[in-house]
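From the two separate chains plus the hints, produce the assembled complex.
Here the protein sequences line up with chains F and B, keeping their order. Numbering of the first sequence is given in our numbering, commencing with residue 1 and proceeding in unit increments. Numbering of the second sequence is given in our numbering, commencing with residue 1 and proceeding in unit increments.
Listed next, the stretches of chain B that the computed footprint assigns to chain F, with coverage defined by at least 3 CB atoms under 8 angstroms from CB atoms of chain F:
no. : region
1   : 96-102
2   : 184-195
3   : 216-227
Since the hints were made in silico from the structure, they are not lab data. Don't be surprised by glycine CBs; every beta carbon is placed ideally from N, CA and C.
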Amino acid sequence: MDASKNSTVRTTAQTTANQPTGHTHALGLKQFKKHTGVRALIHDLHRMVSSVQLAITLLSTLALATLVGVLMPQEGLVELADIKRQFGESYLYLRALGLFNVFSSPWFIALQVLFFINLIFGSMLWLRPAVRSVFVPIFCSAQHIALTHGQAPPLTLPHSAQNTKSLLIQHLKRRGWRIVQDPKNTLQLYAAKGDYGRLGPVVAHIGIALLLTGSLLAALTGFKAQHLLEPGQTVMLPQAERVIKNAPEAIWLGHVPNIKLGVKQFNVEFNQSTPQDLKRGVSPTPKQYYCDIEVVTEDGQKIAQQISVNHPLTLGDITVYQATFAPTGKLSLEINHKPVTVNADRMFGDRAVAEVPVMVNRKPMTLIVFPFLVQQDAGVSAHHIRAFLHDGQGFYGLSKADAAKNRPVMPENLQLFEGESGTLGPVHVAFRAPVFASGLLIKKAPELPWMMLAFTLISLGVLMSLTPQRRLWLALQAANATDTTDATNAAQTTIYWLPKTRKAKLAYQKELEDLARALR
Amino acid sequence: MAPFAMTDTTWIQGSIGVLTAALLTAVARWVWPKKKLFAQANWALVLVSALMVAIGLAQRSMAAGYFALSNMYESMLMLVLSVMAGYLYLDARLRQQKFNLAGWGWPLMLLLLIALNFALSLPTDIKPLQAALQSYWRSIHVPIIISAYGFFTLAFIASLVHLVLHAQKKDTRLYDELTHKSVAIGFPLLAIGIILGGLWANEAWGNYWSWDPKESMSLVTLLVYGAYLHLRVREGLTLTPATYAWVSIAGYVMMLVTYFGVNIMGLGLHSYGKIG
Ligand code: HEM
Numbered sequence: 001m002d003a004s005k006n007s008t009v010r011t012t013a014q015t016t017a018n019q020p021t022g023h024t025h026a027l028g029l030k031q032f033k034k035h036t037g038v039r040a041l042i043h044d045l046h047r048m049v050s051s052v053q054l055a056i057t058l059l060s061t062l063a064l065a066t067l068v069g070v071l072m073p074q075e076g077l078v079e080l081a082d083i084k085r086q087f088g089e090s091y092l093y094l095r096a097l098g099l100f101n102v103f104s105s106p107w108f109i110a111l112q113v114l115f116f117i118n119l120i121f122g123s124m125l126w127l128r129p130a131v132r133s134v135f136v137p138i139f140c141s142a143q144h145i146a147l148t149h150g151q152a153p154p155l156t157l158p159h160s161a162q163n164t165k166s167l168l169i170q171h172l173k174r175r176g177w178r179i180v181q182d183p184k185n186t187l188q189l190y191a192a193k194g195d196y197g198r199l200g201p202v203v204a205h206i207g208i209a210l211l212l213t214g215s216l217l218a219a220l221t222g223f224k225a226q227h228l229l230e231p232g233q234t235v236m237l238p239q240a241e242r243v244i245k246n247a248p249e250a251i252w253l254g255h256v257p258n259i260k261l262g263v264k265q266f267n268v269e270f271n272q273s274t275p276q277d278l279k280r281g282v283s284p285t286p287k288q289y290y291c292d293i294e295v296v297t298e299d300g301q302k303i304a305q306q307i308s309v310n311h312p313l314t315l316g317d318i319t320v321y322q323a324t325f326a327p328t329g330k331l332s333l334e335i336n337h338k339p340v341t342v343n344a345d346r347m348f349g350d351r352a353v354a355e356v357p358v359m360v361n362r363k364p365m366t367l368i369v370f371p372f373l374v375q376q377d378a379g380v381s382a383h384h385i386r387a388f389l390h391d392g393q394g395f396y397g398l399s400k401a402d403a404a405k406n407r408p409v410m411p412e413n414l415q416l417f418e419g420e421s422g423t424l425g426p427v428h429v430a431f432r433a434p435v436f437a438s439g440l441l442i443k444k445a446p447e448l449p450w451m452m453l454a455f456t457l458i459s460l461g462v463l464m465s466l467t468p469q470r471r472l473w474l475a476l477q478a479a480n481a482t483d484t485t486d487a488t489n490a491a492q493t494t495i496y497w498l499p500k501t502r503k504a505k506l507a508y509q510k511e512l513e514d515l516a517r518a519l520r
Numbered sequence: 001m002a003p004f005a006m007t008d009t010t011w012i013q014g015s016i017g018v019l020t021a022a023l024l025t026a027v028a029r030w031v032w033p034k035k036k037l038f039a040q041a042n043w044a045l046v047l048v049s050a051l052m053v054a055i056g057l058a059q060r061s062m063a064a065g066y067f068a069l070s071n072m073y074e075s076m077l078m079l080v081l082s083v084m085a086g087y088l089y090l091d092a093r094l095r096q097q098k099f100n101l102a103g104w105g106w107p108l109m110l111l112l113l114i115a116l117n118f119a120l121s122l123p124t125d126i127k128p129l130q131a132a133l134q135s136y137w138r139s140i141h142v143p144i145i146i147s148a149y150g151f152f153t154l155a156f157i158a159s160l161v162h163l164v165l166h167a168q169k170k171d172t173r174l175y176d177e178l179t180h181k182s183v184a185i186g187f188p189l190l191a192i193g194i195i196l197g198g199l200w201a202n203e204a205w206g207n208y209w210s211w212d213p214k215e216s217m218s219l220v221t222l223l224v225y226g227a228y229l230h231l232r233v234r235e236g237l238t239l240t241p242a243t244y245a246w247v248s249i250a251g252y253v254m255m256l257v258t259y260f261g262v263n264i265m266g267l268g269l270h271s272y273g274k275i276g
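Bound conformation, chain B alone (with noise of 0.2 angstroms):
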C-alpha cells in the first residue's frame, strides 16, 4: 500500500476540515444573509464534505466487506451523512423558492462538527458480523432509519431557531415550515425503517415486534413525531407554532435516547435469537 493511502479516518479528518470551513461560511451567511456568495460556498463545502464521509464509508465498507453500518462509529458517520444531505436538498430547494434560510446553517455545522468529532473518538476496528446481522434486510432497515434521524436533526435545528426567533419577537412561519417539512420528511423514513425492521425481525426470529428497548423507544420517538403531525392536521385547535416546535423538539430527545440511549446507557439488550 501506498505509504499515504487514505483511510476512512483520514477521510473523515479530511471532511472535518472542509465542514470547519463550512463552518465559517455559514457565519458568514448568518452575518451578511444578503450576499449569494457565501450561500453557494456554505452549500458546496458542504457537498464536499458530504462526498468525504461517504468515501470513507464506501471504503470501510469494502474493507469489511459488508456494508459498513454495524457500530456506533459508522452509524454516526451515517447520520452525519443523512442529515448533510439532507441540509443540501432542503437548502437548495428553498434557496431555489427565494427564501433567505441564513440563520440555521451555523448552527448545523457546529452539530455535525461535534458528530464527527464524537465519532472518531469511538472505537473503529472492523468485527465480524453476529448472525442474526448477516442479511439484506439490514442494509435498508438500517440506512432508512438513520435518514430518518438525519431529518429529525434539521428539524431539530429549524425549531431551535424557531425558538429563539419566537424570542425576539420576529417572523417564525419559514423555521416553523422548515421544521414541518423536515419532520414530515423523517415521519415516512422511520415509520418505513420501522416495518422493515419488523419484516426482517419476523424473517429472522419469526417476529414482527417484541418490544425490546431499542424498538420501543423507536415506537415512542415515530408516536411523538405522529402526534406532531396531527397538530398539525388539526384546524380547530389553537396553538402557538412555538408549542410544534416545542413537539418537535421532545421528539427529537426521544431520538436521542432511541439512538445513544438504548446503546450506550445500556437500557436493556438486543437479545438476539434467544429462545424464551
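Only chain F is shown next, with the shape it has when bound in the complex (with noise of 0.2 angstroms):
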C-alpha cells in the first residue's frame, strides 16, 4: 500500500506545481482520493485490472503461451501416442499443465477471460479522455503555457500581438491545424491536428471488445457439424455423423435446426501433374470440388445449388461449405448401354476390385474392374480403369494353350479413362466417373455480422491510430506590457508554446522549428 500513497502524493504535488489555481491541466490529471482498508483493496485492484502494465503482460504471456502451443505437439495435430513416446515419463504432467492442448486449456482460457476485462475495464478509464481530447478544447494558463515549454523554445517576433495572431492562424491553418481561441482570454489559443489518430485505438479498441463478445455468443449458440454424402443420399441436420456444440451441452443456449441436406451430384476436378511429378509418384492435387445439393429448410424451403470450396451456400446464420471429398469405393459405368454403379469391394491379390456378372450369349459371365484413381493409386495421373472378362474357368481372350504356357501372359482387356467406352469382346463398357462422396461441413455462425462490425473497426481503428494526434497551446505575451490581455499596440511579441504528442516527437520538433522558420 505503501507504493499507491507515494504515487498519490506525488501525483498532487505534480499537480499543485505544475497547475495555477483556476485551471484544467493541460495532461488532465486527476487528484486520486486517498482510500483505506478494503475500499483500498478494491481501489488498488481496479487500478491493476485496468492498467495498460497488466496489458502489456497479458499481451506477452499470451505470445509466450502460444508460442508454446506451437512449440509442442498439440493433440489434435498430432497422434497421442507419438506424444507419449516422445515425452516419457513427464507426459502425464505436461498433459495436467495442458502444454499438449494449449488453446482449449483452462488457463488460455482464463488468460483470454482477463484480457478481456482488462480491455473493458482499461476502456472505461481512457476511451473518455481520448475521447474528450478531440472533442471538448483544453485551455491552459499563460504561466503554465510559458514554464512547461520544453523543447519548444519561446519565439519573439517584432509585430503587435493581434498580427502575430493572425499571423499564427495563418500559418497554422495552412499547415492543417485545427484552432480554438481560449474564450476567457484572447491570446491564448488551443491547436490540435491529426485528431483521428487519438480517436483510432478508441475505434480498435470497441473492435477489440466486439470480437470478444462476438466469440462468446459464438460458443454459446453456434455449431458445427460434418458429414460425408455420396451422389443421391440425404440426412437430417441432428444426425449428421458429427455435430459439434461450441461449448459443453449444460452451457450451451443453441439449436440444431431440422434441416434435410441432400447431394444430387458430386465431382472432382484435379490440378494436371507434371511427367516429374508422376516419375516420383506424386499425385495431382484436387482443383475444386462442385458439389449439387439440395436443402429442404425447417420450413420446407426447397434450395437447390451447387457449392464449391470458397463458394458456401448460406441459409441466414446457417452455411453449409464444401470441404472435402472421400473415395466411396464406388464406380459409375455404363455395361451395354444400361447404367450401373459398382462396388469395388473384393480383392484380387492386394488390390481392390469391383465384379459385376454380366450375361453374354445367355451365359453368365464376370465383368472385372480395376480402378486406377488419382490420389488413391500412386502414378496415377487421370482416373482410369482396368476390365477383364472371366467365364468361372478362364479370361477371356486368353487361349487354352496360353493358359497352360504357365508363364504370365496378358488376357485381352480394356483400358478406359474417365467418359470414354469401348467394347471387350461381346461386352460394352462405358466409364462414366470414379464416385466420391462430398464431405460437407455446416456451421451456425450467429456472430457473423459481430464479426464483420470488429473486423471493420479494428481494421479502421489501426489505421487512424497511424496517425500522431499533436496538440499545441500557445500563450502570446506583448513585451514591455503589464496587461497581457491588452497590449495590442506593442511592438513585439512573445509566443510561448507547449507542444504535446505521444509520438513521432522529433518529427513534432521538426514542424515546430519548420514553422518558427516561417514565421520569422
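Here you go:
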C-alpha cells in the first residue's frame, strides 16, 4: 500500500506545482482520493485490472502461451501415442498442465477472459479522456505554457500581439491545424492536428471488445456439423455424423435445426501433374470440388444450389461448405449401354476390384474392373479403369494354350479413362466417373455480423492510429506590457508554446522549428 | 520468343546488379553524410531495383495466370519489394523533414541483396494452385501480410542501428522514432492481413481461426508488436529506448519464425480443407 500512497502524494505535488489554481490541467491529471482498508484494496485492484501494464503483461503472456502451443505437439495435430513416446515419464505432468492442448486449456481461456476484463476496465478509464481530448478543447494558463514549454523555445516577433496572432493562425491553418480560441483570453490558443489518430485506438479497442463478445456468442449458440454424402444420399442435420456444439451441453443455448441435406451430384476436378511428379509418384492435387446440393429448411423451403470450395451456401446464420471429399470405392459405368454403379469391394491379390455379373450370349460371366484413381494409386495422373472378362474357368481372350504355357500373358482387356467407352469382346463398357462422397461442413455462426463489424472497426482503428495526434497550446505576450490582454499596440510579441504528442516527437519538433522559421 | 527475352529471373538478376550499386551509394552516403548526391543516387537506384523486381513478379503472374504469390520464391520477391517500397517512402519523407538517415541504408541494402540471392536459389517453377488457394482473398490477404513484414524489416534494421548508436553513446532518438513509425505502419497491416485471413478461412473452410502453427505464429508476432506499441503508450514506465529496440527485435524474430519456420522447419502442416 505504501507505493500507492507515494504515488498519490507525488501526483498531488506535481499537480499543484504545475497547475495554477483556476485552470484545468493540460495533461488532464486527476487527484486521486486516499482510500483505506477494503476500499483501498478494491481501488488498487481496479487500478491494476485497468492498467496498460497489465495489458502489456497479458499480451506478452498470450504470445508466450501461443508459442508453447506451436512448439509443443498438440493433440489434434499429432497422434497421442507419438506424444507419449516423445515425452515418456513427464507426459502426464505436461498433459495436466494443458501443454498438449494449449488452446483449449483452462489457463489459456482464463488468460483470454482476463484480457477481456482488462480491455473493458482499461477502456472505461481512457476512452472518455481520449474522446474528450478530441471534441472538448482544454485550455491552460499562460504561466503554465511558459513554464513547461520544454523543447520549444519561445519565439519573439516584431509585430503587435494581434498581428502575431493572425500570422500564427494563418500559418497553422495552412499546415492543417485546427485552432480554438481560449474564450477567457484573446491571446491564448489551442491547436490540434491528427485528431483521428487519437480516436483510432478508441475505435480499435471497441472493435476488439466486439470481437471477444462475438466469440462468446459463437461459443454459446454456435455449432458445427460434418457429414459425408454420396450422390443420391440425404441426411437430417441433427443426425449428421458429427455435430459439435461450441460449448459443453450444460451451458450451450443454441438449437440444431431440422434441415434436410442431400447431394445430387458431386465432381472432383484435379490439377494436371507434371511428368516429374508422376515419376516420383506424386499424385495431382484436387483443384476444385463441385457439389450440387438440395436443402429443405425447417419451414419446408427447398433450395438447390451448386457449392464449391470458397463458394458455400448461406441460409441465414447457417452456412453449408464444401469441405472435402472421400472415395467411396464405387464406379459409375455403363455396361451394354445400361448405367450401373459398381462397388470395388472384392480383393484380387492386394487390389480392390469390382466384380460385375454380366450375361454374354445367355452365359453368365464376370466383368472384373480394376480402378486406378488419382490420389489413391501412386503415379496415376487421371482416373481410369482396366476391365477383364472371366467366365468362371478362365479369362476371356486368353487361349487354353497360352494359359497352359504357365507364363504370364496378359489376357485381353480394356483400358478406359473417364468418359471413354469401348468393347471387350461381346461386352460394351463405358467409364463415366468414379463416385466420390462429398464432405460437407455445416456451421451456425450467429456471431457473423458482430465479427464483421468488429473486423471493420479494428481495421479502421489501427489505420487511424497511424497518425499521431499533435496538440499545441500557445500564449502570446506583448513586450513591456503590464496587462497581456490589452497590449494590442506593442511592437514586439513573444510566442510561448507547449507542444504535446505521444508519438513522433522528433518529427513534431522539426515541424515546430519549421513553423518558427516560417513565422520569422 | 526473342532469344534475349527477359524472364522473371533475369529481371531479378538485373535488380541485384542495380541494388549492388545502391549498396555502394549507401556506403558512400554513410561515409559522407553531408553530400546530398549520394542520398539521391541511392534513392533512385533503389527505385529502379524495386521496379525491376515488380516487373519480374508481374511477368510471372501473367505467365502463371494467377497472382504469383504462392511459393517461397515469389513471396521473398514480394517481401523485398515491400521493404524497398517502405524504405523509399520513409527515406523520402524523413529527408524532406531534414533528418539525416545515413546510417541505415547500407545494412538494409545488404540484407536485401542476401534476400534476393536467396530467393533465386529457391525452386522457381510455376505450379498449379490448390483448390483452397484459388480465391481473390489470397491476392489481398498475402500481399498485405508481406508488406507488414516489409515494415517490420525496416523496424528491425532501425533497431539494430539504434543499439549500435546506443553502444557508442550517440543520439538514438531518430532511429527510435523510425522503429516506432515502422512498427506503427506494420502493425495495422499485419492486423488487417490476419483479419482478412480469418475471413477467407471462414469462407473457405467455415472457420475463422483454427490455431494452426502458421496462424498461431502470426498471432505471436502481432502480440509482440502490440506489446511494443502499448509499451510506448505507457507514459509512467521508465524504460530506456534501448528496451524498445530489443522488443522490436524480439517481434522480428517471431516474424521470421512465422515466415520461414513454419514452411522450412516444417513446424506443423497447413492442413487445407481436412475434415476432423
Ligand atoms: C489485441 C488487443 C489490443 C490491440 C490490437 C490494441 C491495439 C492498440 C493500438 C493500435 C493502439 C494505438 C497505439 C498507438 O497509438 O501507437 C492502442 C493504444 C492503447 N491501448 Fe490497446 N490494444 C489491445 C489491447 C489493449 C488492452 C487489453 C488494453 C487495456 C488497458 C489496452 C490499452 C490501450 C491504451 C490505454 C492505449 C492508448 C490509447 C490512447 O491513445 O489514449 N489495449 N492499442
